[in-house]
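Given chain S, put chain D in place with the hints provided.
There are 2 protein chains.
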Amino acid sequence: MQKPSIPKGTRDFSPSEMVKRDYIFNVIKGVFINYGYSPIETPAMENLSTLLGKYGEEGDRLLFKILNSGDFLSKTDPAKIQEKDTNAFAMEISEKGLRYDLTVPFARYVVQNRNDITFPFKRYQIQPVWRADRPQRGRYREFYQCDADVVGSNSLLNEIELLQIIEEVFSLLKIKVTVKINNRKILAGIAEVIGTPESVADIATAMDKIEKIGKDGFVEELTSREIPKESIDELCSYIFSSKQSLVTTDYTNEDKIKFLKSWLLDSETGKKGIEELIIILSILSTTNPSLNIELDLRLARGLNYYTGAIIEVRSDDVPIGSICGGGRYDDLTGIFGLKDVSGVGISFGADRIYDVMEQMKVFPSEVTASVRILIVNFGEKEQNQCLEMLKKIRKAGIPGEYYPDAVKLKKQMTYANLKKIPYVLLAGEEEIKSQQYTLKNMITGIQEKLTVAEIIEKLRQ
Amino acid sequence: MQKPSIPKGTRDFSPSEMVKRDYIFNVIKGVFINYGYSPIETPAMENLSTLLGKYGEEGDRLLFKILNSGDFLSKTDPAKIQEKDTNAFAMEISEKGLRYDLTVPFARYVVQNRNDITFPFKRYQIQPVWRADRPQRGRYREFYQCDADVVGSNSLLNEIELLQIIEEVFSLLKIKVTVKINNRKILAGIAEVIGTPESVADIATAMDKIEKIGKDGFVEELTSREIPKESIDELCSYIFSSKQSLVTTDYTNEDKIKFLKSWLLDSETGKKGIEELIIILSILSTTNPSLNIELDLRLARGLNYYTGAIIEVRSDDVPIGSICGGGRYDDLTGIFGLKDVSGVGISFGADRIYDVMEQMKVFPSEVTASVRILIVNFGEKEQNQCLEMLKKIRKAGIPGEYYPDAVKLKKQMTYANLKKIPYVLLAGEEEIKSQQYTLKNMITGIQEKLTVAEIIEKLRQ
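Sequence order for the protein chains is S and D.
Take the numbering used here: the final residue in the first sequence is number 890, and no numbers are missing along the way.
Take the numbering used here: the final residue in the second sequence is number 890, and no numbers are missing along the way.
With the rest of the complex left out, here is chain S (with noise of 0.2 Å):
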């Protein structure tokens, strides 16, 4: 006999799990909804030529692949197997693949029905995705994403929304967050006002890492890349110096971006960074003035991607890194053929959202099992009334139950109290006679005596 179990990464959600995770999923999309973003959904299954190449070399061996029907073994190239060249074999016997994200999809999505989309188009999408990641605490094989992104429109205002609806979202969590805010034009023009333009790329990885390896390993990881000594000294001149860090809490928005200012003088790029920066930052002190936002020039989260602002959020007590981040990509339909449509989104991480709130335990107490309460089945000469009530409970909104065999009351009972379900009726041949029936609150063990229409007044509080 087959001991049952599922793959590794993958997890089954059990009822509590999952009205915790459905109060979750309803919070952000009411957001979504509120701030006038629609919902689309795409299939779990892309064809492979739509996600290979989008995500890097690691992204690629990530993807889960689906094997072709019928019998595919007699297409494919006998050499190719021979050659033992996994790769390659792969691509002759599969060409679908589970989604990755939900960007490079709606990407797709957008281009293939370009003219039946009103542009600027505002779309929200709650779906889980597939990476075949090493498993551990926290990374899942499976896991959800929730995605709001705007494409057809270059106005900051969009950002600007994305992080309100952030503040929004985690204010009804009820989890405290720090939002972290990058551009990346600023990096760009620090790359060129440093001499070394073109390994953007690089500064930005190992600034990622300044945390982790400290001014030793950056100064060894940049000098390692080839990076000039004097441009690695001007960079740590503005990163390290305690009169004009950019990487620490001890200045504020406003003198980073004080510093920048005199430091990119020279970049266009990287004052148009800085002015992006200054929009967005001054309209959200106006509208939204308790959003905890600070910039921080680490940032970088798949850089060669993002082309404008970059945003990542981390919750202030647990530390289990960021539960929500996006950014402006100026041209992701251009993969697909759809040239100058520029995007901006964001995207939450609802499994680790469920981890923070279960620590901090946040879900909000009514946030439980739905039944409100179970009729006990005395057997088949009550069972009428029974049924009756039942439709009545019912019919008035109140989830109901009523057991389905006559077993004992005691069994009964241990199934209301394990299903936590607030009240019990007991309707003997006696109540019904008197069409009083007993009311049980399983919490406090309290008895009454009430009728029906008492009961569900009392059951609709």
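Think of the hints as simulated: they come from the structure by calculation, not from any bench.
Treat each hint with caution, since some may be false.
The list cannot tell twin chains apart, which means a pair is met if one copy fits it or any two copies do.
[Stated by the list, open to error] Calculated cross-link-like contacts (lysine to aspartate or glutamate; reagent style EDC-like; alpha-carbon spacing at most 16 Å):
no. : residue 1 : residue 2
1   : Lys824    : Glu597
2   : Lys810    : Glu859
3   : Lys437    : Glu524
4   : Lys848    : Glu795
5   : Lys820    : Glu886
6   : Lys504    : Glu524
7   : Lys849    : Asp545
8   : Lys603    : Glu787
9   : Lys878    : Glu858
10  : Lys810    : Glu858
11  : Lys672    : Asp684
12  : Lys820    : Glu596
13  : Lys821    : Glu597
14  : Lys701    : Glu621
15  : Lys848    : Asp545
16  : Lys820    : Glu597
Then chain D, alone, in the frame of chain S:
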């Protein structure tokens, strides 16, 4: 440049489709919850050992298999490749598959979590499933199932409750339906009394096809299955005789039960099946007098799976096949090592329900885009005031948008029209000075001057 497309048999869902689909899911989910069912979710991927052999040979063939990660080719047995045995080779390079339905994963879940589950376990599950079927009208390779099952209770009250759920869901969705009901035990009883108890599957298969093949085809089919002529004659006398036909609508359920009672007098199994049917129909006639339910002996639905009641629902108006089905299965978890756990369940096919509702035009008119108001963007001068108004509108729970770019008014109006946004707010310099804004009703074309508070009041209605 690649032209983007999606795998055949899969679909994207646009905002207008999503809103309607969500409506269906919410109705079904709401009824499930009201009847005391708890949600679970299982992973999209299951181990192939969980899935294989559960859906018959055809089902195994229709499973989407996932290629193992890493260098799978180096671990394969070269002999298997030489033999060109596709199936054996597939098992060498794939150990996971996409779920084919929600019932087998649910059985696996129950067995795996049996120590944490409170029985009877009433669960619902709404998730997509995947089948490598030949795509055709109304048949997709990815589609949603909405399942409700009770495991761990033999009581017929469960069958009754599921039939109540069916009536409530379709009544809320405004779809007129006929529920067909049958019982595996009655079919077994028939096979017994005509002297061929071992042929119950053959008989059921032939009866299932009566409408298509007629009496001659029916007799031919059974003859080819080596069922004796006298057995076939007896069967036909109940199936086709105008005096006691069990498969026409000329007779009521009561008539048919009367015919069956006299026919199956000598089969204990048959009598048990009749008794179950009588109890279900009799209780329902009290609790749900308007339910249109019809005993139909032709109903089989993967007979080898069901052991008691068999249920199927069809639209009275749109001939699209079954839109909901289910039944009692006495030993589903047995395959995973947990014996004697009886289950009964139903599954709604959301995709076909969608098609029926579209064709019947029964989606409520309020099931459309949710954005209620667009604030026109006149430029930076009015921006702060507009953002402030927008914040108030959203805070009142009214989904609203501020057009992100200060483009021509006509373009912004077209945007509102295409997105079916019912109101547009114009806040130019003058309006802001007077605090009286122009609200345009996009359907009637009527314009009014109102304060923000009045606008919110109006939109709330």
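Outcome of the hint check:
no. : hint            : in the structure
1   : Lys824 - Glu597 : between (35 Å within a copy, 10 Å between copies)
2   : Lys810 - Glu859 : within (12 Å within a copy, 75 Å between copies)
3   : Lys437 - Glu524 : between (24 Å within a copy, 12 Å between copies)
4   : Lys848 - Glu795 : within (14 Å within a copy, 36 Å between copies)
5   : Lys820 - Glu886 : within (15 Å within a copy, 37 Å between copies)
6   : Lys504 - Glu524 : within (13 Å within a copy, 21 Å between copies)
7   : Lys849 - Asp545 : between (48 Å within a copy, 14 Å between copies)
8   : Lys603 - Glu787 : within (12 Å within a copy, 40 Å between copies)
9   : Lys878 - Glu858 : within (14 Å within a copy, 66 Å between copies)
10  : Lys810 - Glu858 : within (8 Å within a copy, 75 Å between copies)
11  : Lys672 - Asp684 : within (10 Å within a copy, 95 Å between copies)
12  : Lys820 - Glu596 : between (43 Å within a copy, 13 Å between copies)
13  : Lys821 - Glu597 : between (39 Å within a copy, 13 Å between copies)
14  : Lys701 - Glu621 : within (13 Å within a copy, 85 Å between copies)
15  : Lys848 - Asp545 : between (48 Å within a copy, 11 Å between copies)
16  : Lys820 - Glu597 : between (39 Å within a copy, 11 Å between copies)
Of the numbered hints given earlier, the model fails none.
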